[in-house]
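> Chains as they are written, first to last, in my numbering: chain A, 1 to 251; chain B, 1 to 251; chain C, 1 to 251; chain D, 1 to 251; chain E, 1 to 251; chain F, 1 to 251.
If you're looking for bench data, these hints aren't it; they were derived computationally from the structure.
Certain hints may be false.
Once the Cα atoms are required to be at most 16 Å apart in a straight line, the calculated EDC-like pairs of lysine to aspartate or glutamate come out as [claimed, not checked]:
hint	chain 1	residue 1	chain 2	residue 2
1	E	Lys162	B	Asp101
2	A	Lys139	A	Glu104
3	D	Lys162	F	Asp101
4	B	Lys162	E	Asp101
5	E	Lys164	B	Asp101
6	F	Lys162	D	Glu104
7	B	Lys164	E	Asp101
8	D	Lys164	F	Asp101
9	F	Lys164	D	Asp234
10	F	Lys183	F	Glu227
11	D	Lys183	D	Asp234
12	A	Lys183	A	Glu104
13	F	Lys162	D	Asp101
14	E	Lys162	B	Asp205
15	C	Lys162	A	Asp101
16	A	Lys162	C	Asp101
17	A	Lys164	C	Asp101
18	D	Lys162	F	Glu104
19	B	Lys162	E	Glu104
20	C	Lys164	A	Asp101
Short, incomplete list of chain E residues facing chain D, as computed with Cβ under 8 Å [as the list claims (entries may be wrong)]:
hint	residue
21	Ile20
22	Pro43
23	His56
24	Arg59
25	Gln60
26	Asp91
27	Pro93
Nothing here was measured: the structure is a model prediction, and the numbers come from that model.
Backbone N, C-alpha and C define an ideal beta-carbon position, used for all residues, glycine too.
Number of protein chains: 6
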Amino acid sequence: MTDQDEGPRNIFSMPRFGGIVTFFRLPHLPDPEGLDVAVCGVPFDGGITNRNGTRHGPRQVREMTHNHIRPVHPTTGRSPFELCRAADVGDVPINPIDLQDSLERIEAFFARIHAAGAVPLAAGGDHLGSLPILRPLAKDRPVGMVHFDAHTDTYDTVFSDKFKYDNGTPFRRAVEEGILDPKRTIQIGIRGPRFGEEDLAFSLDNGMRVIEIDEYFELGNQGVIAEARRVAGDGPTYISAMCSMMMMKKS
Amino acid sequence: MTDQDEGPRNIFSMPRFGGIVTFFRLPHLPDPEGLDVAVCGVPFDGGITNRNGTRHGPRQVREMTHNHIRPVHPTTGRSPFELCRAADVGDVPINPIDLQDSLERIEAFFARIHAAGAVPLAAGGDHLGSLPILRPLAKDRPVGMVHFDAHTDTYDTVFSDKFKYDNGTPFRRAVEEGILDPKRTIQIGIRGPRFGEEDLAFSLDNGMRVIEIDEYFELGNQGVIAEARRVAGDGPTYISAMCSMMMMKKS
Amino acid sequence: MTDQDEGPRNIFSMPRFGGIVTFFRLPHLPDPEGLDVAVCGVPFDGGITNRNGTRHGPRQVREMTHNHIRPVHPTTGRSPFELCRAADVGDVPINPIDLQDSLERIEAFFARIHAAGAVPLAAGGDHLGSLPILRPLAKDRPVGMVHFDAHTDTYDTVFSDKFKYDNGTPFRRAVEEGILDPKRTIQIGIRGPRFGEEDLAFSLDNGMRVIEIDEYFELGNQGVIAEARRVAGDGPTYISAMCSMMMMKKS
Amino acid sequence: MTDQDEGPRNIFSMPRFGGIVTFFRLPHLPDPEGLDVAVCGVPFDGGITNRNGTRHGPRQVREMTHNHIRPVHPTTGRSPFELCRAADVGDVPINPIDLQDSLERIEAFFARIHAAGAVPLAAGGDHLGSLPILRPLAKDRPVGMVHFDAHTDTYDTVFSDKFKYDNGTPFRRAVEEGILDPKRTIQIGIRGPRFGEEDLAFSLDNGMRVIEIDEYFELGNQGVIAEARRVAGDGPTYISAMCSMMMMKKS
Amino acid sequence: MTDQDEGPRNIFSMPRFGGIVTFFRLPHLPDPEGLDVAVCGVPFDGGITNRNGTRHGPRQVREMTHNHIRPVHPTTGRSPFELCRAADVGDVPINPIDLQDSLERIEAFFARIHAAGAVPLAAGGDHLGSLPILRPLAKDRPVGMVHFDAHTDTYDTVFSDKFKYDNGTPFRRAVEEGILDPKRTIQIGIRGPRFGEEDLAFSLDNGMRVIEIDEYFELGNQGVIAEARRVAGDGPTYISAMCSMMMMKKS
Amino acid sequence: MTDQDEGPRNIFSMPRFGGIVTFFRLPHLPDPEGLDVAVCGVPFDGGITNRNGTRHGPRQVREMTHNHIRPVHPTTGRSPFELCRAADVGDVPINPIDLQDSLERIEAFFARIHAAGAVPLAAGGDHLGSLPILRPLAKDRPVGMVHFDAHTDTYDTVFSDKFKYDNGTPFRRAVEEGILDPKRTIQIGIRGPRFGEEDLAFSLDNGMRVIEIDEYFELGNQGVIAEARRVAGDGPTYISAMCSMMMMKKS
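Bound-form chain A, shown alone:
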């Protein structure tokens, strides 16, 4: 009864303020089998230590991409949604009252996408959600990472030694678990006041490339892109932009 199955290709048979809201106006297909790209949401804020609410992030990203997407990239002229089969596979059924159970649910959700051969494109959600996303994707070998953020998120603990999982610790845990290769990791745009030397220590000691904001402006956009390509190399790489997490398989 609607044109939802056409995805963003036919933007006007249904006006943009109508219809069921999905990422990029893609069809909603709960089963990732047969997809090239599985777009999904991680409505999670269990790891937030300050102002929460990122559980509402996926719904808001759906609304924004549903209302404003057009199918062709202005510079390359390519139509990404014609190059691959993509769908909105829904949200991880987060457990709002248990952090570890939520991490397990996220891991199971992405394991299923990975097993189906699809590349996940996820909207969060707080950054701790990256850890259980990485687990199934990197179970065979560690992945590299291109990480855009103000903070490194490689702290050890925040409240005490008992509590090692929050929005500041996902990438130290990932290195410790052997699923993130720090030598193929680049952290871009790090800035702002710090708790102390430990803000950068773990990243630098383990060989991550850290581009602080001052170096970013010295290198310029093209220089940073070149450096990211050099560090990440040809292996599979996780791309994380703030709370909007993305994975693009490169080989």
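Once you've looked at the hints, dock chains B, C, D, E and F against the given chain A.
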């Protein structure tokens, strides 16, 4: 991958802030065939003469009913979603730049629901949208109406004789087209400043029962319900609450 | 340098838009020793299963009571802040990434207030916070409760048998722990759609008095107050109004 | 080029979201000469001791009345704008950096309206603005008052003896100046926490009739209206509803 | 009674938060006769295909320019309101329920301004409003255009061949009608995702100069200004900045 | 009971959404004696001639700095709160209904801070507040100033000769009073429409260095910093950034 197909019966396998948003958390089934109740949206504000934006109404009603519904009625103890097969059949593909084409699209959308044997439950949208909803439902005989509103919406014209279709005229048009039976129509809660005597004249001259707000408080809730039952009688009746339009077939 | 120590008695030596913000403009005294009433905040939303954000509740209640309080009650003519020594003792240091640790921190905070001989007056925070507040207050004998709410919050579990602590379960847990006396408990204003029969079953089966919203309007304010006094009797009683929790020792 | 001069009589030759915004869609006539009613704004918050911003009140009242007025009263069937000649005469040119100069500007503005023989209908603005409005209107004899408010606004001073003019003192000043007759004054709806006994003392000691909120509900709307008519009698009477001040000459 | 007639020259005899709101604090003169510049509003969103509400644009632009204008340009030192006679001539009386009637009303409004010899300066409103503005201004010969926007607005149709007038088509219609000279048209700042090749095709095929955002940054502000002067030349030229449309006659 | 006394050093023993709100999470010490830096608020908008509300500025700055501060500067690696003893000394008790009394209260408040040997760091509040802050700080000799703003705030009068104290005049008054040395004053970022030549005349005639926005972009950040150091020299200097006023003693 989600529990969407369970509808509001299992509210917690997916937290309420997760998942694709549908009316009452019902499954999204674009085809009304086989449904008892087809819940749908009419994202329309083509007839609005003051502040527009009701095109965003259905999306907002989806969000509210998705987040807050629980399946059992507290007074009757009944579970409406177990008594009938209901689904979210999506939105009418409104034409935002042509009023008459939009009215035709609304009419076609509800004709298909009616042909499938389902009862429509629609969220608007401006009140002019009631006119093309009534057309297919009343093509065999006029229907009655229980109408909650501040205004009668039985004006003849607003801007000039050329423009007879706006948010103040749907029910005069419906009477003229023979699809609304004024003698089985009750208008409840009429109040506020008026343009003049014509605000009530058409309704009263054609035999509608008008309960202005002062009489409403005199009769009380039970008295008004009794009067509505008396006026509407046993025939098929359209129920309209402000901009949220509902149809419940009674016979 | 400011008049903060005068509390609400001298409202104008500092205009209401100036100064450090405390509950009711009371002095901030972190130590409850010597106080009659210890006003405090429980910035907690670890038990929320829908829209979170109640962690910001205490700060907002401080702002509202700071800006708008005047010291004399209009009906009784009494000045509560002259009848007892009250202070703002600060907030419970909630652990935002661990629910059970947060419950322990709340319990310890209120145990200290109770040991000092002060009556706590707490602003939440989600309703699960009532459970660890009750524990130290009722360690010698169960307390009664006057509870204003739309829901009974006496569910057993929500997500599964593994997760028994959320914003819908505090008062079943409290009865199970022997710290809440259901026969001295009254729940007032229960209303709205339900998950099923279990919404009221535990409360009624254990002897709580439940006044649903229809009965509330039948009894009227004075009738409800009389019924609350009859049920709660003379023993120590916990008063809970939605998310704003209050304790007033009666004997 | 617009229909502004027709006022609220022809609401649709210009849609309600168009045109220059005036009170009730009336014509803007800076000169009150020849008017029966001069509608005007007092964009003043110089007397506010808490949260300011009432300087924006008149503009907001213009917007609301411009967008929503219809010319006929639903109960009486009368068209007030056909019974008298009314216009929007603009705003008092308040001095935002000097309170006393603002009071003089308000007084001069209303003196001119009064001299023209028009009855002022003013939108404020903080309540201190009532004092300089009353001065020219009552220069020949004191006026009565029907005053709807939560507070009596008959305090003597707030910050110290030096500062006697703020939003809590206008009607004590008016009685002291002999321009308000306390025996023909009724204060309706007084409620909320108080600073102390002086909140009501001046009003009661000087013979004002004070209807606190509990008595209001006992008397009911008709009883309060009768009492207001009895107290105010037949003389000229100032009507003040919160911050929206109105004057209606009765004889 | 106010200083409205002085316009922006005397900004402080009435504080900026007071008085009837007009564009730039100019006097409201409904008749354009004798004016050099006629500032006006086009409260129109009949051509909007996504989120509407631009009908409220003129009122908001009035508020912003009323509150913040000062009469002298900081770089040139010139006082534009002393160089010419300008006034707020009000809004086009848009027909909110008929698109073509609205276009005719806009055309008639600007024909009258043009006949009076005034240059219009218009605040919209959606971009389709530019088409009926251009018609009277270009009835003798086509005009050039300097157009700042993200999109070219030279599409042919959006919903189907039946509906050729919306917010994406005004300048194709204008070229077809012979009122816009594409060879004297420059479109500046074009950017963002596209529907396909047709986004630029009509503009380029007809000889418009299109400066996409990447070229904009290469040329710099001075380079773009020079290119705009070269393309537009000496003839009469329409200047359009997003939804804020302006016309400045150059010869 | 809280860790407030530790200030920003231990950010997580209390989560950032909990606790009494102070500037930078510093302890609240009303007495400036013994402090190196006294952080305080000036909740003042008595000098505002347009949209008021800056009286709420200090409370909002407290909230922002409380929630987001971390103790170490990312570029220098220094921990300012370990280099000096700082505290939140509260707000000036502004008189909201008398401008001159407010100026005296501000002066007395900063005189006490100055007498205690502490450097004040103040959050406003409207810019007129800078005048009474400067008076005690400069009573022995005039100070220099580094001033970031769109306007020079060196006007003589705004409404008339009678009213010389508002948000546009503080620095002319300061020069006239001999407490601000114009030759050691630099005004950075001046821009926007002007009332006339007098906007810059006083500043330039008295030897202030004015960097308008165009020159700012020519010089670049490092060039502007060097020029500021050159102009201000080694003497005591007041630093003012918009409404957020700061003083840093340099010798």
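> Decide, hint by hint, whether the structure agrees.
Status of the hints after comparison with the structure:
no., hint, result
1, Lys162(E) / Asp101(B), "10 Å, holds"
2, Lys139(A) / Glu104(A), "15 Å, holds"
3, Lys162(D) / Asp101(F), "10 Å, holds"
4, Lys162(B) / Asp101(E), "10 Å, holds"
5, Lys164(E) / Asp101(B), "13 Å, holds"
6, Lys162(F) / Glu104(D), "14 Å, holds"
7, Lys164(B) / Asp101(E), "13 Å, holds"
8, Lys164(D) / Asp101(F), "13 Å, holds"
9, Lys164(F) / Asp234(D), "47 Å, violated"
10, Lys183(F) / Glu227(F), "13 Å, holds"
11, Lys183(D) / Asp234(D), "13 Å, holds"
12, Lys183(A) / Glu104(A), "27 Å, violated"
13, Lys162(F) / Asp101(D), "10 Å, holds"
14, Lys162(E) / Asp205(B), "40 Å, violated"
15, Lys162(C) / Asp101(A), "10 Å, holds"
16, Lys162(A) / Asp101(C), "10 Å, holds"
17, Lys164(A) / Asp101(C), "13 Å, holds"
18, Lys162(D) / Glu104(F), "14 Å, holds"
19, Lys162(B) / Glu104(E), "14 Å, holds"
20, Lys164(C) / Asp101(A), "13 Å, holds"
21, Ile20, "5 Å, holds"
22, Pro43, "4 Å, holds"
23, His56, "6 Å, holds"
24, Arg59, "7 Å, holds"
25, Gln60, "11 Å, violated"
26, Asp91, "4 Å, holds"
27, Pro93, "5 Å, holds"
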